[in-house]
Amino acid sequence: MSITLKQIAQLVDGTLHGPDELVITGAATIRDAAPGQITLAEGEKALKQLATCQAAAVIVGKLPAPPELPYIQVDNLHAAFAKVVQHFRPRRAHARGGISPAAHVSPTAQIAANVTIAAGATIGDDVTIDRDCVIHSGAVIEAGCRIGAGTTIFANVVLYEDTIVGEQCILHAGAVLGAYGFGYTVVNGRHELSAQLGYVELGPRVEIGSGTTIDRGTYGATVIGEGTKIDNQVQIAHNCRIGRHNLICSQVGIAGSTSTGDYVVMGGQVGIRDHVHIGDRVMLGAKTGVMNDVLQAGNYVGAPATPEREYFASLFGFARLPEMRKQMKQLERDVAKLKADAGPSVARSDAA
Amino acid sequence: MSITLKQIAQLVDGTLHGPDELVITGAATIRDAAPGQITLAEGEKALKQLATCQAAAVIVGKLPAPPELPYIQVDNLHAAFAKVVQHFRPRRAHARGGISPAAHVSPTAQIAANVTIAAGATIGDDVTIDRDCVIHSGAVIEAGCRIGAGTTIFANVVLYEDTIVGEQCILHAGAVLGAYGFGYTVVNGRHELSAQLGYVELGPRVEIGSGTTIDRGTYGATVIGEGTKIDNQVQIAHNCRIGRHNLICSQVGIAGSTSTGDYVVMGGQVGIRDHVHIGDRVMLGAKTGVMNDVLQAGNYVGAPATPEREYFASLFGFARLPEMRKQMKQLERDVAKLKADAGPSVARSDAA
Amino acid sequence: MSITLKQIAQLVDGTLHGPDELVITGAATIRDAAPGQITLAEGEKALKQLATCQAAAVIVGKLPAPPELPYIQVDNLHAAFAKVVQHFRPRRAHARGGISPAAHVSPTAQIAANVTIAAGATIGDDVTIDRDCVIHSGAVIEAGCRIGAGTTIFANVVLYEDTIVGEQCILHAGAVLGAYGFGYTVVNGRHELSAQLGYVELGPRVEIGSGTTIDRGTYGATVIGEGTKIDNQVQIAHNCRIGRHNLICSQVGIAGSTSTGDYVVMGGQVGIRDHVHIGDRVMLGAKTGVMNDVLQAGNYVGAPATPEREYFASLFGFARLPEMRKQMKQLERDVAKLKADAGPSVARSDAA
Numbered sequence: 071m072s073i074t075l076k077q078i079a080q081l082v083d084g085t086l087h088g089p090d091e092l093v094i095t096g097a098a099t100i101r102d103a104a105p106g107q108i109t110l111a112e113g114e115k116a117l118k119q120l121a122t123c124q125a126a127a128v129i130v131g132k133l134p135a136p137p138e139l140p141y142i143q144v145d146n147l148h149a150a151f152a153k154v155v156q157h158f159r160p161r162r163a164h165a166r167g168g169i170s171p172a173a174h175v176s177p178t179a180q181i182a183a184n185v186t187i188a189a190g191a192t193i194g195d196d197v198t199i200d201r202d203c204v205i206h207s208g209a210v211i212e213a214g215c216r217i218g219a220g221t222t223i224f225a226n227v228v229l230y231e232d233t234i235v236g237e238q239c240i241l242h243a244g245a246v247l248g249a250y251g252f253g254y255t256v257v258n259g260r261h262e263l264s265a266q267l268g269y270v271e272l273g274p275r276v277e278i279g280s281g282t283t284i285d286r287g288t289y290g291a292t293v294i295g296e297g298t299k300i301d302n303q304v305q306i307a308h309n310c311r312i313g314r315h316n317l318i319c320s321q322v323g324i325a326g327s328t329s330t331g332d333y334v335v336m337g338g339q340v341g342i343r344d345h346v347h348i349g350d351r352v353m354l355g356a357k358t359g360v361m362n363d364v365l366q367a368g369n370y371v372g373a374p375a376t377p378e379r380e381y382f383a384s385l386f387g388f389a390r391l392p393e394m395r396k397q398m399k400q401l402e403r404d405v406a407k408l409k410a411d412a413g414p415s416v417a418r419s420d421a422a
Numbered sequence: 071m072s073i074t075l076k077q078i079a080q081l082v083d084g085t086l087h088g089p090d091e092l093v094i095t096g097a098a099t100i101r102d103a104a105p106g107q108i109t110l111a112e113g114e115k116a117l118k119q120l121a122t123c124q125a126a127a128v129i130v131g132k133l134p135a136p137p138e139l140p141y142i143q144v145d146n147l148h149a150a151f152a153k154v155v156q157h158f159r160p161r162r163a164h165a166r167g168g169i170s171p172a173a174h175v176s177p178t179a180q181i182a183a184n185v186t187i188a189a190g191a192t193i194g195d196d197v198t199i200d201r202d203c204v205i206h207s208g209a210v211i212e213a214g215c216r217i218g219a220g221t222t223i224f225a226n227v228v229l230y231e232d233t234i235v236g237e238q239c240i241l242h243a244g245a246v247l248g249a250y251g252f253g254y255t256v257v258n259g260r261h262e263l264s265a266q267l268g269y270v271e272l273g274p275r276v277e278i279g280s281g282t283t284i285d286r287g288t289y290g291a292t293v294i295g296e297g298t299k300i301d302n303q304v305q306i307a308h309n310c311r312i313g314r315h316n317l318i319c320s321q322v323g324i325a326g327s328t329s330t331g332d333y334v335v336m337g338g339q340v341g342i343r344d345h346v347h348i349g350d351r352v353m354l355g356a357k358t359g360v361m362n363d364v365l366q367a368g369n370y371v372g373a374p375a376t377p378e379r380e381y382f383a384s385l386f387g388f389a390r391l392p393e394m395r396k397q398m399k400q401l402e403r404d405v406a407k408l409k410a411d412a413g414p415s416v417a418r419s420d421a422a
Numbered sequence: 071m072s073i074t075l076k077q078i079a080q081l082v083d084g085t086l087h088g089p090d091e092l093v094i095t096g097a098a099t100i101r102d103a104a105p106g107q108i109t110l111a112e113g114e115k116a117l118k119q120l121a122t123c124q125a126a127a128v129i130v131g132k133l134p135a136p137p138e139l140p141y142i143q144v145d146n147l148h149a150a151f152a153k154v155v156q157h158f159r160p161r162r163a164h165a166r167g168g169i170s171p172a173a174h175v176s177p178t179a180q181i182a183a184n185v186t187i188a189a190g191a192t193i194g195d196d197v198t199i200d201r202d203c204v205i206h207s208g209a210v211i212e213a214g215c216r217i218g219a220g221t222t223i224f225a226n227v228v229l230y231e232d233t234i235v236g237e238q239c240i241l242h243a244g245a246v247l248g249a250y251g252f253g254y255t256v257v258n259g260r261h262e263l264s265a266q267l268g269y270v271e272l273g274p275r276v277e278i279g280s281g282t283t284i285d286r287g288t289y290g291a292t293v294i295g296e297g298t299k300i301d302n303q304v305q306i307a308h309n310c311r312i313g314r315h316n317l318i319c320s321q322v323g324i325a326g327s328t329s330t331g332d333y334v335v336m337g338g339q340v341g342i343r344d345h346v347h348i349g350d351r352v353m354l355g356a357k358t359g360v361m362n363d364v365l366q367a368g369n370y371v372g373a374p375a376t377p378e379r380e381y382f383a384s385l386f387g388f389a390r391l392p393e394m395r396k397q398m399k400q401l402e403r404d405v406a407k408l409k410a411d412a413g414p415s416v417a418r419s420d421a422a
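Chains as they are written, first to last, in the working numbering: chain H, 71 to 422; chain R, 71 to 422; chain X, 71 to 422.
Don't take every hint at face value.
Because identical chains cannot be distinguished in the list, a pair is counted as satisfied if it fits within a single copy or across any two copies.
What the hints assert, rightly or not - No more than 25 Å apart at the CA atoms, straight line, and that leaves these computed lysine-lysine pairs for PhoX-like:
1. Lys396 x Lys407
2. Lys76 x Lys153
3. Lys399 x Lys409
4. Lys409 x Lys396
Honestly, the hints are just simulated from the structure, not real lab data.
Please read all numbers here as calculations on a predicted model, not as lab measurements.
From just these sequences and the hints, can you work out the full model?
Structure below.
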């Protein structure tokens, strides 16, 4: 699959600065590139890293300064590099084989045109799957679920009964939607499970990471808004209502009945308590612990969630606590001495 | 499925305060209720929220003050509302189809009466499943497991060999019981896995959330006590012994050989180190990090786990650290000046 | 399966100090041992615990002091005790049944000799599986994956297309390798998914816990180095490059493009941001939050990651903040009084 630099420039519709006939044998990032391969560089830092990179050539976007390697300049760097990577390692098409005879599909399920259901997938009673969906092996779609057009459900995803998935969604392997909410009341020393009559509803273009779990509502829906993207191993509890176009990073946990506005961003391992609201365009840094409503747009961090600048000022103080304790002791000694010394004279001056 | 307010009052055995013939078209919580629907209100706060709710009527329990909507008063609010929700959206019965011919069941497995095993579930050699159990699609029950009566195992759960599950348990989708413990010794620069001869044992009425993982013991059992409820994505390591009637929220991690008493409660994302004990009725707040035994009942929070009142007092100080640092600097300036000023006079007064 | 103490001593090639004919009915750890059973004791603390243990005999290694129970002394304590446990509860052999007719195996997959593929497992097009591998039920190996010799893949693991797994690896139930990385760019107010052209590559003797997720690289590999062991529910993001012989405990999250050296150890619930490097033999305590490179070997803890000694000194101060605030107020009162008292006299001494 080797190819000349000129051919690559043609492939990506770029401007070549270097020898036409240089043979390129692969494409990889700066960290990984081997001799003979082409890489990509975005930003000043990356251009500097080229000095120690073994790549034979580089693709760049807007130039801060021309690299010392042969280079191809393009308008859209990532789109161009993706084309080159795919030349060397063509993307494997997901099988589009219709409904596998080894899938377990209920006779009452309604499957639209051009749907792929792989071997070992299970489709329950009364499920409806709109056109152009792909359901991978081992996925279990329980009774009454409704899947919108163009959605991909990867292997071993589980949708409990009556889950609603919008169109153009992507659900990664092992995600679980619609398990029971974690709500109990104590009856005679035992924890009795609350009602589990609700379901989960995803808007269009929602993406759900591997191992992420979203519990059904108590009486109604747990809702994920249009265009929201959720990373791996996120937990969203019963009755939550997540807004549109949120980005929720890995291992975030959101407790019951909490809601978010639009364009909220959460870093990894954030935890949010139950029954609070996170406002539009709030950004919560990694590991933030939210104990109250956070309504004002801006960056927050710490537990409880604190405006970033304030929190880092406190953290600066935290690192200096041992020094502060020494200073405090010195002050106490000084003041004790000053008091002792001043004692009589103060008494006199008071008397004066 | 529309129904009059009078019919709803009869359905829930409640007292109607409002027009008999008002037609109700659905049931939803205050946040979600649309015009024509009935909602529920519990507590003063909820009664206030009714003012901006579109519901046509409300179900209430004990009345602090009569709402301005037509209302039905009942003894058990949640049981009543659950009945109404189920009138409008009848609960889907889990299929009770016996053993699916598309399940993979070992001929040496012993399956009692009235057990449902769905398509694509796998039951290994010598497994015993007591009466009234339901095993969903894609669940894998490895050889030698024993499942008590009335237990539900949802889709894609994995039980490694010899797992023991009590009666009336619920195991949610994707939970994994009995994987190897994370124990290694270094031999010639390599990590060698420790013995993996144990198993996992759940008492009766244990509930396990989606994606939760409980590792087998090294030589014997990792035990979860009767009535304990565990939320999604919890990790319980090898040799742990969790007591009875614990509530363990999502994303908690408990390291090896740690034990808990009864009625312990852990908030989300708590982490507990190995080989410690958590006493009866200890409550650990969200994100608490436990580094030592916590034996005394009460509320703890922070890392290391600290009695709640103490921790919040420290946290109050943390937020004021920037201010404290300013005060400290001012004090140092003041004291330096006092010392400088007092210097000669102190010397004199000493000499006097 | 009862056996005499003498027979146990012969089984483990140990030296018996106690009655030959004592009948032993089982083997369990000190915490769990019942009357008539044999236990093991390692270290002084364990020897003390024997006083309240019901065991009839004990196996020990090097002796700090002879226990008061009948005992058997051996060279390798854990290997000896494992033998005894297996006498009483023989380890169940994983089925070695070749390729189950109920597995879904692509005709283009290449399966070497002595490979076991259980019922309900799915093997995609062009997959290659080397000799002596075991693939459990419900595992889904997508097209183009390559699995090294002697590797075990437990139930319901998912490998996305083109995943490379080294030899002698162990992948526990529900692990997911190769899902899409969490990378987006905003286009017209929508989050557009970045390129997903890479794959996951595990070196030899890597072990992956249940529910752990490792995302594919953007253009190339996400790499886990030889001999690295990863616990349950760990998240490793796209483009990461984890070194050799790392130990990564449960619920750790590592963001995109981060790399580690060799022999790195991470406690539970550690979080590491994207694009940083963790040096050889760095140890990160539980819940540490890494915000920058950590290059120097040693123990770190806190967020941001701080050398252990420094962090605990700050933490000591944190616990004393309420007291410090009182001391500060007292100092302010004292200094104010000193200033007031000194005021005129200072003025005088200045004037002098």
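Hints violated by the structure (listed by number, smallest first): none
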